[in-house]
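One line per chain: the protein sequences are A and B, in this order.
Following this note's numbering, the residues of the first sequence are numbered contiguously, the last one being 336.
Following this note's numbering, the residues of the second sequence are numbered contiguously, the last one being 343.
What the hints contain is simulated information worked out from the structure, not anything from laboratory work.
In this text, all values refer to a predicted model and were calculated from it rather than measured experimentally.
If a hint is listed, it holds; no wrong ones were tucked in.
Cut-off 16 Å, straight-line C-alpha distance, at most; resulting in silico cross-link-like pairs (EDC-like, lysine to aspartate or glutamate):
#1 B:Lys185 to A:Glu143
#2 A:Lys272 to A:Glu319
#3 A:Lys170 to A:Asp229
#4 B:Lys185 to A:Glu137
Sample of chain B residues facing chain A (criterion: CB under 8 Å; computed from the structure):
#5 Ala(-5)
#6 Lys(-1)
#7 Ser195
Covered, in the sense of this in silico footprint (three residues per stretch, anywhere, with C-beta under 8 Å from a C-beta of chain B), are these stretches of chain A:
#8 98 to 112
#9 132 to 144
#10 149 to 160
Beta carbons are placed, not taken as given, at the ideal position from N, Cα and C, and that holds for glycine.
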Amino acid sequence: MRAIEVENLSRAFNGLRAVDDISFAVDAGEIFGFLGHNGAGKTTTIRMLSGQLLPSSGGGRVAGCDIVAEQQRLKPLIGVVSEHQNLYERMSGRENLEFAARLYGIDLQRIDAALKQVDLLDRAQDKVQNYSNGMKQRLLIARSILHGPRIIFLDEPTRGLDPIVGREIRRLIVDMSKQGVTIFLTTHYMDEADQLCDRVAFLSEGRIVALDTPDNLKTAHGQHQVNVTLDNGECVSIALDGADAGKELQQLLSNGQVRTLHSAEATLEDVFVQLAGRRLSE
Amino acid sequence: MNLNVVSAITRKDVVDAIRHRYLLTALVTPLFVALLFRVLLPGVNDNKLLTIVVHDAGSSGLVTELRKTPQISVVSADSADATGREVKRIRAIGGLVVPAGFDADLAANKQPELTLYVNNQKTIFEQAAFRRLLDQLVRSFAKQPEPARLVWVDIDKAASDRGLGGTTLNQMLLPLLLILTFGMTGAFVVPLLIVEEKEKRTLDFLLSSPASLSEIIAGKALTGVVYTVLIAGLLLGINRHSIQNWPLTSLTILVGLLFVVGVGLVIGSVLKNTMQVNTWAGLVLILLLAPSFPLVGIIGWFEKAMRIIPTYYLSEALKMSIAGTISSQLWVYLAVLLVCTVIVFFAAVWALHRRN
Chain A
55 MRAIEVENLS RAFNGLRAVD DISFAVDAGE IFGFLGHNGA GKTTTIRMLS
105 GQLLPSSGGG RVAGCDIVAE QQRLKPLIGV VSEHQNLYER MSGRENLEFA
155 ARLYGIDLQR IDAALKQVDL LDRAQDKVQN YSNGMKQRLL IARSILHGPR
205 IIFLDEPTRG LDPIVGREIR RLIVDMSKQG VTIFLTTHYM DEADQLCDRV
255 AFLSEGRIVA LDTPDNLKTA HGQHQVNVTL DNGECVSIAL DGADAGKELQ
305 QLLSNGQVRT LHSAEATLED VFVQLAGRRL SE
Chain B
-12 MNLNVVSAIT RKDVVDAIRH RYLLTALVTP LFVALLFRVL LPGVNDNKLL
38 TIVVHDAGSS GLVTELRKTP QISVVSADSA DATGREVKRI RAIGGLVVPA
88 GFDADLAANK QPELTLYVNN QKTIFEQAAF RRLLDQLVRS FAKQPEPARL
138 VWVDIDKAAS DRGLGGTTLN QMLLPLLLIL TFGMTGAFVV PLLIVEEKEK
188 RTLDFLLSSP ASLSEIIAGK ALTGVVYTVL IAGLLLGINR HSIQNWPLTS
238 LTILVGLLFV VGVGLVIGSV LKNTMQVNTW AGLVLILLLA PSFPLVGIIG
288 WFEKAMRIIP TYYLSEALKM SIAGTISSQL WVYLAVLLVC TVIVFFAAVW
338 ALHRRN
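Could you build the full structure based on these sequences and the hints that come with them?
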């Protein structure tokens, strides 16, 4: 079953196409990575798919709702974690969730469960302005899952967080996925996408330039060879497609000359650079 | 429109505004100014302009006449000695000791003595009014002719036509305070409520929630209404003795409230951040307040210039409704204000949809 279906979606601002004729589909329960450099159109896409922005042309369905005609029916079925920590800072964590619960018309008793899931129950009464970045990010996730959405849009959820907190957020994402929630994730971190996503789409200048599983992308765009460093410092590359590759490798290993041995498989970052023409951080 | 969503937004904003330093300042300023007036001009809020303590040893007709005088409150003292003390205790404008046999002595042209106490804690205007009143009353009671026939001519006939001739100082100040409250709502409170959501990106959260743009705006407008009604209610409560027509005053306040909330929505949708609000709000506030300055009605060209600002009609309507003057002019003012309100709301809706 498809959680998200997008066809020829475009959005222009003052004549400039931020999102340019993209089409893709995301299966229910899938973790889908949407990768691209700054200004590639990731956030604009999320805003259109979450009913915050109307497309200039094209359309799509999210959780079975038309993103143009059924925005209000769509909103209770999705959760959004913005790239900005858009919380009410003068309010406590619990008050933020109480407000969200009232907007969604859900039982306030669900707040404790959401706070517990993100491990913020003991700090719920503290004002958000006193929270660390990691705590704010966890509270954002709690707010996005409070009403039990079928799809969650996560826009750069680990940006600017230290590695330990980043790992904690990734654990929460996996937990949500295990509960059957479809995750639409944008990130700058290729390792993160590689680790979490069932499939990824590369976005460059508003267009999708590649869409597949991370493994398929790496295989398709990487080199099929191993790089061997010998004890004398010499580096030898052995193409795995070659007929004698096994013999060559076995010979080096049996001679006891091998210091290190690495596969030359491409990383997602390499694939992105190859397809988009520049690094994500640029 | 989902009223639960609107009330959730209003509830959040009402609580959050108290924690917002700027908003809190904007909200309490009119109350602070009202209290300041009470301290600086004691007695300004009394409906009875002058309270006079009287010791009447012989049931004089003079005291009977005094009691009949409009806007005079007479308080009896037990003895001549107690009169001065009572004046001070109840903060009356002054006191009067009328000896026994005063009326008979007056009839016999014996020039009986009247002892008058004047409270120097009162303003010089009040003291002058007290002295003049007693002078006129005694002459009238003694049936003494005026030394000359005084012919009074009204300079501002328009004010007289509007029925403002008998307006007390407080009835002039109260509209100013109410418009200050409205001005704070229109220039600061509602714009800040909207702009902060944009600035902190919480508007993105609201727009991704089941709240529609119109519900978000309704929630913000309702917050402005709640706080303005609260502050205006407190101001009316403090000055309750000055209000001669409550239904009319309430109606005028309601129309004015809708207008300024509309102004706030326009400003909030046009401006992008708190700094811009702080920069422009002062100017907007001055424009909204200007027509209620006491210069209106005194300087002709100023009054004419103020007629282009809608709060001129609000200010005049407030003065008339507070003074209890029901005239066709009042309905014209309210109609003009209503038209302005409709225009402002259309502008707000246009600006907000343009933003979306």
